[in-house]
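Heads up: the sequence lines are chains A and B, in that order.
The first sequence lines up with residues -18 to 93 when you count with our numbering.
The second sequence lines up with residues 41 to 156 when you count with our numbering.
There's no promise every hint is true.
Unchecked claim - Okay, derived cross-link-like pairs now, BS3-like style, lysine-lysine, Cα gap no bigger than 25 Å in a straight line:
(1) A:K80 - B:K54
(2) B:K82 - A:K3
(3) A:K23 - B:K54
(4) A:K18 - B:K54
(5) A:K18 - B:K95
(6) B:K60 - A:K80
(7) B:K106 - A:K18
(8) A:K80 - A:K23
(9) A:K3 - B:K81
Hints in this document: simulated from the structure, not taken from any laboratory.
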Amino acid sequence: GENVEQHPSTLSVQEGDSAVIKCTYSDSASNYFPWYKQELGKGPQLIIDIRSNVGEKKDQRIAVTLNKTAKHFSLHITETQPEDSAVYFCAASNTGFQKLVFGTGTRLLVSP
Amino acid sequence: GAVVSQHPSRVICKSGTSVKIECRSLDFQATTMFWYRQFPKKSLMLMATSNEGSKATYEQGVEKDKFLINHASLTLSTLTVTSAHPEDSSFYICSARGTEKVYGYTFGSGTRLTVV
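Bound-form chain A, shown alone:
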């Protein structure tokens, strides 16, 4: 089955810096890669996603890149703000969206 690895587990940056979180997946059949932000005591919220037919997607300060050959995808947050502090999860879904496998999570702390 699919296995998703995520690094780093924790990331501390200063406000205004950029943050990058990386994930690798194992199943070449996976074709949908979302990123979620989870705040304490809440469910995950989708912040951006990418499909396998696209190499990069951007939404304001957030961007995701996908390298299908290497089976890895990354989340890029620019101009970080304290409110970006949360746990971020990457995930991968197989064809038919029957199962979403999560990475282990990255705790991002943005210091003012």
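Chain A is fixed; fit chain B onto it per the hints.
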């Protein structure tokens, strides 16, 4: 956008009792719903997948008789934790996927279960 409502947000129950958690898709029809369990500072672990009108498919290691899942309609799925024990205390989260060709999964806000 797609909204999934999950209730209750918090519940405390006594050992040996059963607890039901509801997950509703408010503005779309959810053919498939997923139930996850999350331990503190850990990732989401898929417990089971349910398709409307069918029996749920449980992940390996998840007890079917303890975690009863019902997906009787396209907008409602329930998870019942039966004969709860303190080790069942956790954060439970549901997710739904729609019938339309809309990619993505919408998550509920989660339920914090504490068994005393």
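25 Å Cα cutoff - pair K3 (chain A), K81 (chain B): Measuring from Cα to Cα gives roughly 18 Å; hence the hint holds.
Restraint status (C-alpha distance of K80 (chain A) to K54 (chain B) at most 25 Å): Violated, at roughly 33 Å.
Restraint status (C-alpha distance of K82 (chain B) to K3 (chain A) at most 25 Å): Satisfied, since the Cα-Cα distance of roughly 17 Å is no more than 25 Å.
Distance restraint between K18 (chain A) and K95 (chain B), which requires alpha-carbon spacing of 25 Å or less: Violated. K18 (chain A) to K95 (chain B) sits at ~31 Å, over the 25 Å cutoff.
Pair hint outcome, K106 (chain B) versus K18 (chain A) [Cα-Cα no greater than 25 Å]: violated, 30 Å
Straight-line alpha-carbon gap K18 (chain A) to K54 (chain B), limit 25 Å: Violated, at roughly 32 Å.
Given hint K80 (chain A) paired with K60 (chain B) - CA-CA distance at most 25 Å: Since the Cα atoms of K60 (chain B) and K80 (chain A) sit roughly 23 Å apart, the hinted pair holds (cutoff 25 Å).
Pair hint K80 (chain A) and K23 (chain A), alpha-carbon separation not exceeding 25 Å: holds, 21 Å
Given hint K54 (chain B) paired with K23 (chain A) - CA-CA distance at most 25 Å: holds, 24 Å
Violation of the numbered hints given earlier is confined to hints 1, 4, 5, 7; the remaining hints are satisfied by the structure.
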